[in-house]
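Undergrad: Using the supplied hints, reconstruct the complex from the two chains, each of which is provided in its own coordinate frame.
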Amino acid sequence: ATIDAGSGGSTTDKCVYLCGNSLGLQPKRTQTRLNQYLATWATQGVQGHFKPLEGSPLPTWLDADERAAQLIAPIVGASEAEVAVMQTLTANLHLLMSAFYRPDINGKHKIMLESKAFPSDHFAVETQLRHHGLDPSTSMITLTSASSPEDNILTTSEIISAITAHASSTALLLLPGIQYYTGQLLDIPTITAHAHKHSIFVIWDLAHAVGNVPLHLHDWDVDAAAWCSYKYLNGGPGCIAGMFVHSRNSTVTRAITDEKPEEGYTNRLAGWWGNDKRTRFVMANKFHPVKGAAGFQLSNPSVMDITSLSASLELFHEAGGVGRLREKSVRLTAFLEELLLGEEGIVGEEESSLFRIITPRDPEQRGAQLSLMLKPGLLETVMRELEKRAVIVDERRPDVIRVAPAPLYNTFEDCIGFVEAFAAALKVARAERGT
Amino acid sequence: FPPDAKVHRLREAAGCPRQTRAIRSDFNIPTKASLKKRALNGSIPEYGVSQSNGDMDDDAPSIYFVGNSLGAQPKCTRTKLETWVSVGVNGHFTPLESSPLTAWQDMAADCAQQSLDLLGAASPGEVIYMNTLTVNLHLMMASLYRPTEKQHKIIAQWKPFPSDSYAIASHLQWHGLSPSTSLIEIHPDNSQAMSISTEHILRVIDEHADKTALLVLPGIQYYTGQLFDIPRITALAHAAGIPQVGWDLAHAVGNVELSLHDWSVDFAVWCTYKYLNSGPGAIAGMLVYERHHHIAPASSDSDSLGYRHRLAGWYGADKSVRFNMEKEFRPAEGAHGWQVSNPSAVELACVRAALGVFRRTSMRELRDTAVVLTGYFEWFLNGLVEDKVGMGEDVQPAFRIITPGDPLERGLQLSLLLRSGLLGKVSERLAEGGVVVDVRKPDVIRVASVPMYCRFQDVWGSVEVFKKLSKKPDRPHHREAKISQAASRYANTFHCKPLTLRNSS
Numbered sequence: 010a011t012i013d014a015g016s017g018g019s020t021t022d023k024c025v026y027l028c029g030n031s032l033g034l035q036p037k038r039t040q041t042r043l044n045q046y047l048a049t050w051a052t053q054g055v056q057g058h059f060k061p062l063e064g065s066p067l068p069t070w071l072d073a074d075e076r077a078a079q080l081i082a083p084i085v086g087a088s089e090a091e092v093a094v095m096q097t098l099t100a101n102l103h104l105l106m107s108a109f110y111r112p113d114i115n116g117k118h119k120i121m122l123e124s125k126a127f128p129s130d131h132f133a134v135e136t137q138l139r140h141h142g143l144d145p146s147t148s149m150i151t152l153t154s155a156s157s158p159e160d161n162i163l164t165t166s167e168i169i170s171a172i173t174a175h176a177s178s179t180a181l182l183l184l185p186g187i188q189y190y191t192g193q194l195l196d197i198p199t200i201t202a203h204a205h206k207h208s209i210f211v212i213w214d215l216a217h218a219v220g221n222v223p224l225h226l227h228d229w230d231v232d233a234a235a236w237c238s239y240k241y242l243n244g245g246p247g248c249i250a251g252m253f254v255h256s257r258n259s260t261v262t263r264a265i266t267d268e269k270p271e272e273g274y275t276n277r278l279a280g281w282w283g284n285d286k287r288t289r290f291v292m293a294n295k296f297h298p299v300k301g302a303a304g305f306q307l308s309n310p311s312v313m314d315i316t317s318l319s320a321s322l323e324l325f326h327e328a329g330g331v332g333r334l335r336e337k338s339v340r341l342t343a344f345l346e347e348l349l350l351g352e353e354g355i356v357g358e359e360e361s362s363l364f365r366i367i368t369p370r371d372p373e374q375r376g377a378q379l380s381l382m383l384k385p386g387l388l389e390t391v392m393r394e395l396e397k398r399a400v401i402v403d404e405r406r407p408d409v410i411r412v413a414p415a416p417l418y419n420t421f422e423d424c425i426g427f428v429e430a431f432a433a434a435l436k437v438a439r440a441e442r443g444t
Numbered sequence: 040f041p042p043d044a045k046v047h048r049l050r051e052a053a054g055c056p057r058q059t060r061a062i063r064s065d066f067n068i069p070t071k072a073s074l075k076k077r078a079l080n081g082s083i084p085e086y087g088v089s090q091s092n093g094d095m096d097d098d099a100p101s102i103y104f105v106g107n108s109l110g111a112q113p114k115c116t117r118t119k120l121e122t123w124v125s126v127g128v129n130g131h132f133t134p135l136e137s138s139p140l141t142a143w144q145d146m147a148a149d150c151a152q153q154s155l156d157l158l159g160a161a162s163p164g165e166v167i168y169m170n171t172l173t174v175n176l177h178l179m180m181a182s183l184y185r186p187t188e189k190q191h192k193i194i195a196q197w198k199p200f201p202s203d204s205y206a207i208a209s210h211l212q213w214h215g216l217s218p219s220t221s222l223i224e225i226h227p228d229n230s231q232a233m234s235i236s237t238e239h240i241l242r243v244i245d246e247h248a249d250k251t252a253l254l255v256l257p258g259i260q261y262y263t264g265q266l267f268d269i270p271r272i273t274a275l276a277h278a279a280g281i282p283q284v285g286w287d288l289a290h291a292v293g294n295v296e297l298s299l300h301d302w303s304v305d306f307a308v309w310c311t312y313k314y315l316n317s318g319p320g321a322i323a324g325m326l327v328y329e330r331h332h333h334i335a336p337a338s339s340d341s342d343s344l345g346y347r348h349r350l351a352g353w354y355g356a357d358k359s360v361r362f363n364m365e366k367e368f369r370p371a372e373g374a375h376g377w378q379v380s381n382p383s384a385v386e387l388a389c390v391r392a393a394l395g396v397f398r399r400t401s402m403r404e405l406r407d408t409a410v411v412l413t414g415y416f417e418w419f420l421n422g423l424v425e426d427k428v429g430m431g432e433d434v435q436p437a438f439r440i441i442t443p444g445d446p447l448e449r450g451l452q453l454s455l456l457l458r459s460g461l462l463g464k465v466s467e468r469l470a471e472g473g474v475v476v477d478v479r480k481p482d483v484i485r486v487a488s489v490p491m492y493c494r495f496q497d498v499w500g501s502v503e504v505f506k507k508l509s510k511k512p513d514r515p516h517h518r519e520a521k522i523s524q525a526a527s528r529y530a531n532t533f534h535c536k537p538l539t540l541r542n543s544s
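For the protein sequence lines, the chains are A and B, in the order given.
If you read the first sequence in the numbering used here, its first letter stands for residue 10, the second for the next number, and so on.
If you read the second sequence in the numbering used here, its first letter stands for residue 40, the second for the next number, and so on.
Every clue listed holds true.
Calculated lysine to aspartate or glutamate pairs in the EDC-like style (CA-CA distance at most 20 Å, straight line):
| no. | chain 1 | residue 1 | chain 2 | residue 2 |
| --- | --- | --- | --- | --- |
| 1 | A | 384 | A | 394 |
| 2 | A | 119 | B | 367 |
| 3 | A | 286 | B | 477 |
| 4 | B | 480 | A | 285 |
| 5 | A | 37 | B | 121 |
| 6 | B | 75 | A | 63 |
| 7 | B | 198 | A | 285 |
| 8 | B | 189 | B | 245 |
Per the computed footprint, the stretches of chain A lying under chain B, defined by three or more beta-carbons under 8 Å from a beta-carbon of chain B, are:
| no. | region |
| --- | --- |
| 9 | 42 to 56 |
| 10 | 128 to 136 |
| 11 | 248 to 262 |
| 12 | 272 to 286 |
| 13 | 299 to 310 |
Calculated directly from the structure, the hints in this document are not laboratory data.
Just so you know, even glycine gets a beta-carbon here, dropped at the ideal spot from N, CA and C.
With the rest of the complex left out, here is chain B (with noise of 0.2 Å):
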């Protein structure tokens, strides 16, 4: 970057399509004041619309680092919801003219059919929205975890995100495993580092593949933003004999781009609420490569299932039996055989939404737009570094980012580790100052500016507010000084005589 890049009129100029920008305005993004707001009125922030009688700056939309933890919410997601009310049963089964959502029994191969570009699915068959992540790693695990008393290991990261460890965990012993005999877990390359290089993991794979069943892997490691070589990994796992590769990509849809297909995962799930935009807790998906699709065609004298053995449930039968009530269970086709109940409506009117956003750009641009600005934040941090703001007594920078610096082994999060002991003056100082970031106790804040809703703006914004962490707090009579200046304006605005100021304390 060149050096007026530290100058905040920086335009979006480094290569930012248009069309990202045009996609901001299609975001509630929270504003300061909302976030500091104590009370629950209905109102949503509008810019210019004021929230407030303080300081102006408060309507200025906050600067929204944790679409890595919760995504922004999409305007378009109330239009989507307002069909249920008038059509009770029959929205199951008839579309509505002029309603925006597919009839409800399509809606989820309709999300499916959003979600290719995303993916890199060969097709809608491949993808369905269902129930969340850890109950999908479960179903996927009950498929394709089919343990022999020769091949019975599971590999899987050391440190994951602890649902998945959780997840594996039960299910060895599900199986009558234990973690003790059947886990691996592959450990960061050397205490120092928090990543581990892919030649570490492949070393791991070689060893133990020949007694390994699945290798299972997030696609980005939650904690330090790690990218894994999904590819190649895949590919030499699958070389090396492992048969079921599964991806836990969380962290990853939405923030990079994918060909699941062309790389031949076994599977793959995530959840929606983060850069899928789709609200809190909102309903997962997952991904079933096509050559666990097969279903062989009804034989009586078979002794084989004719298709892959799953838990079941009546929404992952054939569409056209489904609601006849028939006994025998025939999956249908594809990734939706795996469904078991009839999902929340809702919930796929909030996907739906979510996914129509990303229909406006593709993740080829949202990625390139995403290295340019997370390598823009990268390059203002190390410049904080190198001007030793924050830095301690014992000569301790306030900060490392932890997060590999190849934009190719990194999605768009940094993760910063802090000095010890400063995770709560930072964090404040940044929520004063309208900035959101994720905080990960003891000692990591992990930001990320997501291209469709973050600007450069943004990154340069909450810089201004990390150099300020060395500078002692807003006096008191700073902070007197704006009161009485807000206490002006309503005085003004309302006729009425200037507030006489209390004691600020």
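Excised from the complex, chain A in its bound form (with noise of 0.2 Å):
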């Protein structure tokens, strides 16, 4: 990416672009596809819905959210028939819990998550709980950490022990696969297998995992999960999402012609979308959905979108997969932090005691991102400072920098440029407040 480097830079140099995990990298293969995208809408107009065309690295439209499903299998661990590439990621959470979460006031009503989830899945799972009547104070339950107060690093036994604690009332875990904040890779295994142990039903919000580090969705069990696709997966700012939906979680053991065919499937809310592609056209007036993840959708996606997402995962595959990416992300995100822990010099000993890194040391629990807390006060001066240099991270109001090396495209040396300008950025903060 090219920004006005400001001061003394030219402006086709590159600024150091840090903050994939908010809005990842536009892939210059995007501009192509979308543009075949628009020239497909202009020159067929509604025959690019089923009309192939030669030479197209495009699927007809009707086959778009195929295609993608086939591009987001292996990013997450999954078999196509469990993902589906669809809506947006709190919508998806919605459906997902309108479909799972039933809950019985006399028995298991409630619903766990952390207490510093991402305010979306709170309020999703707030609203859920009033759906049906009940009252947050009463039917969720968020989890602190004893262990780590001021960051809420929830280790594994703490999240297990708390699941025991609660087993005999509790519906539905809702946890983050990377906690958003501090950037803690959390246990997803092991975890989701305590709950199963307690017929807990557990959806992860895989928002800042996806691509970033190795999903085994199906072998780890999970029940349902939904992510967004503008982080990690370089899709484009509110590019379309995705869930997954674990094979046996939708099943559909009922024909339609069958008695009572909608106590074959999980009830769902539902749309044409999700019924068999074959049939989808005859506009029958009754729901029957596809089994898979597909049964899930409920409307025509976006295909502009798609075209954007599957241009982004074409890169992955290129790229050799997440596993790949991810071995390279550890030692980039490692050597960040070796040169922000002043090991190499370039952060001076005052500066070092402005901040600390609150995301976990170990590179098992952790993706590509490092949480920095800076001491109160300095965070303006020193997001202003790092933009004169054309720094881009992003900022957690009120102390909180976070810094993601994506391996797709970022570079030691991008770490060594961020550090250097993190640095003097510290220095300028710490002479405004005299310190």
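TA: This is the structure in structure tokens:
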């Protein structure tokens, strides 16, 4: 990416963009694919839905969702039938909860989530409870860490204990694969297995995990998951999102001609796009989902968004998949950490005391991102100084900066560039503060 | 229409404003050649630039009568999309000086502002672009369909677009109810009719109102093209005691004039890829009536929520606090408070581009033109029936128009119910003639003469193709003649020997 580098820099110098955890950069291919999509719409009109074009890397529009599912499946470790590219993250959470959260006020009715959940998750849970006439004060459990009261880094055993403690009244657990604020990577398989022992349905919000760390959702026996596509998947701002539904949760055991066919599948908020594709245009009046995650779709998807996302996912495959990217990512983030901890001498001693890294040190407990907690009152100056030096990172007021070297397009030099700028910014902030 | 209206030189004289004609050039309309081509070569058809070395007629734009299924692409869509390259995340917040796009955060609000004439909304606060039609329908039902033991029914049209059926049935199930006890369907007046009279709708409303929590109908029925009397039905439903009345306006927005605020509709949902020309599956729209917007000041001892319950997400929170990561959900004022996630910026750009074209005219002008254009089409088609074109041996006419004849009871679309077995042949011949229509198996074709980019000339041209239905297809030697014509032209152009045709079989 290029940005005005301010004083001294040429306007074609690349900036240091370590903000892929907030908005991933645009693959060059995206523009090509979007142009091809626009050309298809302009020249084919409605035929774009069904007429294949030779030499076009794009599927016909009716098949775009299936093609996108093929591309995303290996990234999350699922079969094609277990994933659907659709809607947005929070809408998908609502759709999953509407299907799988069936509270019994006299039994299991509670939803458990972390106390510092991304607000959207919190609002989604709160309003789902209200739909059922329940009260968050009695049906919502939020997890806080005794061992890490300031940063709320929940250990696996703390989560396990909380699950055990509330097992009899808990119906659903909603957790982030990677916590947005701290960057902590949770132990998805262990937590899921323990929740299952207590018949708790587990939904994972993978916004910060998908495309960042290897996922094996099917093998980990995850019940369901949802994610957005504009962070590490580089789909573009607000790009069409995704969901995973384990095959055992999306079975359809009766045909539409059987008696009470609606008892053969999990009821869900439905729409025509969840019907079997072969009969979808027959315009039958009764909903009967196709089995798999595709049966949770409601509407024909945005072809433009799917095209944008698919363009990016092509790159993931060419790069060798998330596993290979992760190998580089672990080294990249470790290098960033080393530099920040002053071991190369870029960050002076006084500057070192102005921040701490709140992300776990263990590479297995984090993804690409490091969250830096600044001393109070420094954030605004630091961000201003970073921007002056053409460094783009993400701020979480009041005091946190998140830095995410994305393995697909960031380099070790980017890490050096950031830390040099960060050290300079801290110096300025310190001087302004007069300490 | 005067008798000489059947001559193709009839100018758009029947009161069609000049502006609407100029707008046609704002669109990329597939050419006959591009519809036939097999490969994507990235080129956009331009009038006058030959796409093929064959029949010059192929370079002409097709007759594109499927705007009711997928609207044509505005030329400005491409321009609007070029911002994202250069700014990364800062595009979320900072207006770029030379960008035609507002900062992404404000894009949805901007689209709402541009939609006021289209919808007859009182203010942009009533309008939001988000999600897809069916999801928005669910979100509206989650807020406004609040069944009690006494009032739990939903009244809907029999055979609406299936997505609406599925949405309603599954929403009932989410409440632990079932269509068999809680769904009332309005059937056509009798087994011959396809339309449903307003009187009949009102009778059903009267019969079930006291047990009904929600009435949801299509503004324009997708299959027949019937336009329902939205104001009258809404008013009488409310008067009869039905608390919420919602409208699926997928086929109505951008087609007919709407005054949704004055008509007091509780909500409306629509998609943007039909008459709003925003591209396949583009981000959808929703209107929420003002009286649902109220947000009471926060009060610690209040039992009630203080605002309409909804399935929420961070993007529905008040903007000033959205990025503060507060835990307590306080919705933004108005329709924006129903957003859940941040919307797709490129999608909003496409909608904004398309809405910009509407700003060059008005719904009044478009509707005025459409009434005449569709009337012209209907007049021609009726003429074909009178002339017994395509009539079968059993003296059955080739088709009948199942859309109401009264322009006030329809939009711009006409639905033709073909005689059984004709559909394949008709759509094939139309396609050969470069006329694109929508096919609803087994027997219906829908034609949408969209005034923004269809002309009287197109209607005339398509009718000429219809007329040929009763004729036999081009005989082989006729085809050969055309091919050899093309071959000669090729030879002349590239200074080579004329090709020798092999046997055309």
